[in-house]
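Engineer: Take these sequences, add in the hints, and give me the full structure.
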Amino acid sequence: MKLNLKIWRQKGPNASGKMVDYQIDEVSPDMSFLEMLDVLNEQLISKGDEPVVFDHDCREGICGACSLHINGEPHGPGRGITTCQLHMRSFKDGDTIYIEPFRAKAFPVVKDLMVDRSAFDRIIQSGGYVSVNTSGNTIDANATPVRKENADAAFDAATCIGCGACVASCKNASAMLFVSAKVSQFSLLPQGQPEAKERVMNMVSQMDEEGFGNCTNTGACEVECPKGISLENIARMNREYLKASLTSK
Amino acid sequence: MSQVAGLFNSSLARKYWMALTGLFLCLFLVGHLAGNLQLLLPLEDGAKDQFNLYAKFMTTNPVVKILSYLTYISILLHVVDGIVLTIRNRKARPQKYAYNKPGANSAWNSRFMGFLGTVILVFIVLHLNAFWAKMHWGPIDTYMIDGEEVKDLYTLTIASFQDASAGLGMTIVYVISMIVLGFHLVHGFQSAFRSMGWNHPKYMPIVMTVGKLFGIIIPALFALIPIYIHFIL
Ligand code: HEM
Ligand code: SF4
Ligand code: FES
Numbered sequence: 020m021k022l023n024l025k026i027w028r029q030k031g032p033n034a035s036g037k038m039v040d041y042q043i044d045e046v047s048p049d050m051s052f053l054e055m056l057d058v059l060n061e062q063l064i065s066k067g068d069e070p071v072v073f074d075h076d077c078r079e080g081i082c083g084a085c086s087l088h089i090n091g092e093p094h095g096p097g098r099g100i101t102t103c104q105l106h107m108r109s110f111k112d113g114d115t116i117y118i119e120p121f122r123a124k125a126f127p128v129v130k131d132l133m134v135d136r137s138a139f140d141r142i143i144q145s146g147g148y149v150s151v152n153t154s155g156n157t158i159d160a161n162a163t164p165v166r167k168e169n170a171d172a173a174f175d176a177a178t179c180i181g182c183g184a185c186v187a188s189c190k191n192a193s194a195m196l197f198v199s200a201k202v203s204q205f206s207l208l209p210q211g212q213p214e215a216k217e218r219v220m221n222m223v224s225q226m227d228e229e230g231f232g233n234c235t236n237t238g239a240c241e242v243e244c245p246k247g248i249s250l251e252n253i254a255r256m257n258r259e260y261l262k263a264s265l266t267s268k
Numbered sequence: 149m150s151q152v153a154g155l156f157n158s159s160l161a162r163k164y165w166m167a168l169t170g171l172f173l174c175l176f177l178v179g180h181l182a183g184n185l186q187l188l189l190p191l192e193d194g195a196k197d198q199f200n201l202y203a204k205f206m207t208t209n210p211v212v213k214i215l216s217y218l219t220y221i222s223i224l225l226h227v228v229d230g231i232v233l234t235i236r237n238r239k240a241r242p243q244k245y246a247y248n249k250p251g252a253n254s255a256w257n258s259r260f261m262g263f264l265g266t267v268i269l270v271f272i273v274l275h276l277n278a279f280w281a282k283m284h285w286g287p288i289d290t291y292m293i294d295g296e297e298v299k300d301l302y303t304l305t306i307a308s309f310q311d312a313s314a315g316l317g318m319t320i321v322y323v324i325s326m327i328v329l330g331f332h333l334v335h336g337f338q339s340a341f342r343s344m345g346w347n348h349p350k351y352m353p354i355v356m357t358v359g360k361l362f363g364i365i366i367p368a369l370f371a372l373i374p375i376y377i378h379f380i381l
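From first to last, the protein sequence lines are chains C and U.
Residue numbers for the first sequence follow this note's numbering, so the first one is 20 and each next one is one higher.
Residue numbers for the second sequence follow this note's numbering, so the first one is 149 and each next one is one higher.
Calculated from the structure, these hints are not laboratory results.
Keep in mind that a hint or two might mislead.
Unchecked claim - Okay, the calculated bits of chain C under chain U, using three or more residues with CB under 8 Å as the criterion:
hint: 1; segment: 38-49
hint: 2; segment: 113-124
hint: 3; segment: 152-164
hint: 4; segment: 187-201
Said to hold, decoys possible - Calculated pairs, SDA-like style, for lysine to any residue (alpha carbon to alpha carbon, straight line, at most 20 Å):
hint: 5; chain 1: U; residue 1: Lys204; chain 2: U; residue 2: Asp193
hint: 6; chain 1: U; residue 1: Lys244; chain 2: C; residue 2: Asn90
hint: 7; chain 1: U; residue 1: Lys239; chain 2: C; residue 2: Val72
hint: 8; chain 1: C; residue 1: Lys30; chain 2: C; residue 2: Val72
hint: 9; chain 1: U; residue 1: Lys350; chain 2: C; residue 2: Glu168
hint: 10; chain 1: U; residue 1: Lys249; chain 2: C; residue 2: Glu241
hint: 11; chain 1: U; residue 1: Lys360; chain 2: U; residue 2: Ala255
hint: 12; chain 1: U; residue 1: Lys239; chain 2: C; residue 2: Glu229
hint: 13; chain 1: C; residue 1: Lys21; chain 2: C; residue 2: Met50
Stated by the list, open to error - Simulated DEER-style distance windows between Cβ atoms:
hint: 14; chain 1: U; residue 1: Val211; chain 2: C; residue 2: Lys262; range: 40 to 48 Å
hint: 15; chain 1: C; residue 1: Val129; chain 2: U; residue 2: Gly262; range: 27 to 35 Å
hint: 16; chain 1: C; residue 1: Ser65; chain 2: U; residue 2: Ala252; range: 30 to 38 Å
hint: 17; chain 1: U; residue 1: Lys249; chain 2: C; residue 2: Lys167; range: 34 to 42 Å
For glycine and all other residues, C-beta sits at the position ideal for the given N, C-alpha and C.
Structural biologist: Here it is in structure tokens:
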């Protein structure tokens, strides 16, 4: 099939970018979206043009690297998938496809469609861990009882791959779904308790410092999240933060 | 120290205040509605005297006074905080998408809370000017009930909505404002519970349903009053 592509091109972080039109023929419906972009890039390179820069790594929906805002939605029209899992059979011959980088003040464009998501790393560094000594005195995992429902909810929260689609979809460019998933995966488990208060306080303050917006509970993030992270996590973080603010010294 | 600051300026805390003031205003709406529904009572049953005595009670009783100051403060905080949040949220995405499809993942009223709130604010100003200001500073007629002087807010209200030139326009403005309030509440009510972290898988479905019903029934009953006065009474 033939497609009209409108792609954001930007030479560097400080350059001003613009949408550029491309035509691509002979796209197979079996190609993934990223493979389609690979074909486009080969065409561009053979013509002596700069290829379109975009993020990708695992290409199987587990790393969170591939981003892209496709036809008005992060990771395109599908649900529960990343861009590498989006296939060209989701489009029709002759379609026009808008391809833009994830937009947020906290996710500055590096080049073309690639954005810098290290704000997420800094949020994790501010508290997204448990301090455990691994030197010889490891405790058997089953020695600490955990309620099944909590274990399940913690596991669900831990499936977040840090892709940033929640930020990209949110009208406020809020990182609440990501941060709340990372807070929840620990706060639901006994191992997360000793550092619970500092964790939520520090992660929220880092989130604010990075320039993400607030949560209006529109629920867009939950719909666009490739891993189905639930909005309930955001409410849990609100509760944890309130508790920590009121009770920590 | 940082914890204390966290209860005022952090992104989450601003939502706590938004939610608490919003929910307090929801309580206010219930009280205000209960009082105003007296306007629907038949005139023969003494609706005029009953309403005017009630209005006098509402402007003089010390407990009600405290509640009314809490309401003024809530509106002020809610509006200021709402503006701050809306501005900060816009700043979080300086470069917009060339093509965006927000309707694919969220309800429009949840995305336009700032706009809906602004319409409500304009309505509040018009509404205070039409009745509250006259009740406090006049001009308003007074008369005696059993040796007690009361201001005739009842007649003022009926006359405003039945006015040959402005009555219809005023009725329409009131009804539209209540529809806007409804959309604000259908999203806002349940959102406030989420903002406060008051969510439990067992009770959240109830909060969602109550929020929807609240957002439809309360504004509908408010809207009924001007419709009744203009078209039926
Ligand atoms: C009787 C009047 C009002 C009631 C009962 C009310 C109620 C609420 C409630 C319950 C919320 C949800 C809070 C949350 O998400 O945690 C809310 C949100 C909001 N309200 Fe109001 N409100 C009223 C008037 C106004 C006015 C006059 C404004 C004017 C600026 C306004 C602006 C907002 C905004 C911007 C939000 C969303 C904040 C956000 O989540 O980012 N509201 N309101
Ligand atoms: S919460 Fe979902 S959308 Fe957000 S970063 Fe994690 S996996 Fe991606
Ligand atoms: S490239 Fe790893 S999730 Fe898409």
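Engineer: Each of the hints needs a verdict: does it hold here or not?
Structural biologist: Evaluation of the provided hints:
no.	hint	in the structure
1	38-49	violated (count 1)
2	113-124	holds (count 5)
3	152-164	violated (count 0)
4	187-201	holds (count 5)
5	Lys204(U) to Asp193(U)	19 Å, holds
6	Lys244(U) to Asn90(C)	14 Å, holds
7	Lys239(U) to Val72(C)	26 Å, violated
8	Lys30(C) to Val72(C)	10 Å, holds
9	Lys350(U) to Glu168(C)	13 Å, holds
10	Lys249(U) to Glu241(C)	15 Å, holds
11	Lys360(U) to Ala255(U)	13 Å, holds
12	Lys239(U) to Glu229(C)	12 Å, holds
13	Lys21(C) to Met50(C)	13 Å, holds
14	Val211(U) to Lys262(C): 40 to 48 Å	32 Å, violated
15	Val129(C) to Gly262(U): 27 to 35 Å	31 Å, holds
16	Ser65(C) to Ala252(U): 30 to 38 Å	36 Å, holds
17	Lys249(U) to Lys167(C): 34 to 42 Å	39 Å, holds
Hints 1, 3, 7, 14, counting from the list given before, are not met by this structure.
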